Amino acid sequence: MLDIFGPLGGIFNNLGTVTQLIFTLLFVLLFFGFGQKLQMRQYMWDIDRGLRRLDVIRTQAKDLALKTIKEIGKPTVDPLPQLNVLMESFLITPVDMDPSGIVSKFDHLLDVRDVKFKEDVQKMAPSADSAQVNNLENLVEASWALNTIFRIIRHFYLLGKKTNSIFIIIQLQALLPMIMQEAEAYLGAGRAFAEGQPIGDGLGALVASKLMKDKAQRKVEKDVIVAETTLEDRRIIALKAEGPGGNVGKPGDAIQSLLQENNGKVSMIVMVDAALKFEGETTGEISEGIGAAIGGIGTERFKIEQEATKQHIPVYAVIVKESILEAITPMKKEILEAGDKVIERIKNLIVERSKPGDTVIIAGIGNTIGIGQ
Amino acid sequence: MLISIVLIIIAFYTLNLALSTFSTDFTLATLYFTVAVLSFGFVVLSVFRVRKGYALANPAPLKVMSIVKCPQCSFKQIKNFSVGDFVFKKLGMCTQCGVASLSITGIYYDGPTRR
Ligand SMILES: [Zn+2]
Numbered sequence: 001m002l003d004i005f006g007p008l009g010g011i012f013n014n015l016g017t018v019t020q021l022i023f024t025l026l027f028v029l030l031f032f033g034f035g036q037k038l039q040m041r042q043y044m045w046d047i048d049r050g051l052r053r054l055d056v057i058r059t060q061a062k063d064l065a066l067k068t069i070k071e072i073g074k075p076t077v078d079p080l081p082q083l084n085v086l087m088e089s090f091l092i093t094p095v096d097m098d099p100s101g102i103v104s105k106f107d108h109l110l111d112v113r114d115v116k117f118k119e120d121v122q123k124m125a126p127s128a129d130s131a132q133v134n135n136l137e138n139l140v141e142a143s144w145a146l147n148t149i150f151r152i153i154r155h156f157y158l159l160g161k162k163t164n165s166i167f168i169i170i171q172l173q174a175l176l177p178m179i180m181q182e183a184e185a186y187l188g189a190g191r192a193f194a195e196g197q198p199i200g201d202g203l204g205a206l207v208a209s210k211l212m213k214d215k216a217q218r219k220v221e222k223d224v225i226v227a228e229t230t231l232e233d234r235r236i237i238a239l240k241a242e243g244p245g246g247n248v249g250k251p252g253d254a255i256q257s258l259l260q261e262n263n264g265k266v267s268m269i270v271m272v273d274a275a276l277k278f279e280g281e282t283t284g285e286i287s288e289g290i291g292a293a294i295g296g297i298g299t300e301r302f303k304i305e306q307e308a309t310k311q312h313i314p315v316y317a318v319i320v321k322e323s324i325l326e327a328i329t330p331m332k333k334e335i336l337e338a339g340d341k342v343i344e345r346i347k348n349l350i351v352e353r354s355k356p357g358d359t360v361i362i363a364g365i366g367n368t369i370g371i372g373q
Numbered sequence: 001m002l003i004s005i006v007l008i009i010i011a012f013y014t015l016n017l018a019l020s021t022f023s024t025d026f027t028l029a030t031l032y033f034t035v036a037v038l039s040f041g042f043v044v045l046s047v048f049r050v051r052k053g054y055a056l057a058n059p060a061p062l063k064v065m066s067i068v069k070c071p072q073c074s075f076k077q078i079k080n081f082s083v084g085d086f087v088f089k090k091l092g093m094c095t096q097c098g099v100a101s102l103s104i105t106g107i108y109y110d111g112p113t114r115r
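Chains as they are written, first to last, in this note's numbering: chain A, 1 to 373; chain B, 1 to 115.
Hints listed in this document are in silico derivations from the structure and should not be mistaken for laboratory results.
Listed next, the stretches of chain A that the computed footprint assigns to chain B, with coverage defined by at least 3 CB atoms under 8 Å from CB atoms of chain B:
#1 15-26
#2 195-208
#3 321-335
#4 360-373
All values reported here derive from a predicted model rather than from experimental measurement. Don't be surprised by glycine CBs; every beta carbon is placed ideally from N, CA and C.
Please model the entire structure based on the sequences and the hints provided.
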């Protein structure tokens with residue numbers, strides 16, 4: 001029957017060879033022709049999966065915020081529309097073409113934002129007391145952060161898809177694991193804020209509250225509590241944000257006004273804070289350094305550095321290492337236990353670096369949620 | 001998804017070819033068989049990866065504990081965190097010595113080590 005093809009019959013006869021040829025061609029095409037396209041497709045799937053996960057996370061966080069607001073705040077009207085408005089809110093940073101004076105501009109903007117956020121939350125949750133409003137504000141902020149992360153990732157994903165740009169997709173895919181980790185951390189933070197549990201970042205506040213426990217306390221600046229005590233024959237002025245609501249206060253302003261109050265009498269400043277560890281380092285490890293240990297956008301650090309420089313006061317930092325996840329989720333046991341060790345380290349530091357009778361400011365930096373004084 | 005479907009078709013096709021050529025050309029059959037196994041393997045692997053991606057969620061509530069201590073006596077108790085607890089919250093009378101100095105001295109997360 002194959003004879004009708006004449007000499008060509010041989011080719012059809014050897015079907016195996018033809019299939020082999022097709023497969024070879026297919027593989028060459030697959031790996032050289034469409035290799036990059038395939039890779040991009042795979043990256044896009046990864047990002048798509050991450051994006052869906054991010055969507056789930058942000059929805060969970062928002063639901064939690066809504067549920068907590070309803071539980072604690074007992075609103076008379078549905079808080080959802082107001083919450084949606086807050087979720088999409090933004091901050092326009094000041095112009096930095098002429099950077100002189102930008103710190104106070106930033107500071108002012110952040111103050112306005114803070115007050116507005118707090119008032120909006122109070123409006124949504126009329127029955128909440130001030131500590132609860134602070135907690136709710138933190139919760140809404142965590143939820144806002146997750147919403148913003150989702151929006152940015154979705155933007156670049158769709159942009160990459162639309163423009164077929166492999167470089168946008170590759171960058172996104174490379175950053176995705178870190179972004180996912182951060183998002184998970186924010187969700188954990190949201191849960192802690194909803195319940196008012198201390199978080200890893202609260203270590204500085206914990207140390208300060210241990211120092212100022214049962215001492216006469218007064219409030220200075222915005223949401224900062226100050227108390228005097230003695231340690232190794234030195235006069236200690238300890239300060240922290242006012243707890244137990246979620247709050248970081250304005251330690252920069254507080255230290256500035258304390259330094260001005262005790263003009264020339266303060267011999268050193270010790271700042272205690274939680275700091276991000278590098279991968280592979282142990283959580284709860286303490287290390288000492290020089291400089292103002294305080295996070296955020298830099299406005300508070302600027303104020304401390306400026307006033308300390310003016311009065312020639314050395315600023316020391318004692319930090320406890322933790323990961324981003326540990327910093328914003330409920331405080332781990334290792335971090336809690338590091339608190340007492342930090343006090344010992346501070347004692348050593350002030351014995352070495354100051355004389356008996358000197359005045360030392362010890363600033364506990366960090367979110368004081370779940371930590372009173 | 002598309003690639004997985006194509007690969008499954010290829011896998012079935014080559015498997016069929018492998019089985020039909022098994023008796024006549026052993027080397028070719030082995031080649032077909034290898035292609036089939038590789039295609040299947042790839043599909044299974046990608047499905048597995050998808051599963052892992054979705055299984056990331058950990059909705060289990062964290063175990064957070066409060067340490068209750070009395071500075072007057074040696075009384076110490078570790079209880080589950082309840083909403084409203086905070087560090088240095090005064091809890092009133094100590095059940096052991098009767099002095100009103102009981103307070104929460106620490107709150108921590110007690111659970112499996114995370115990343
Ligand atoms: Zn007792």
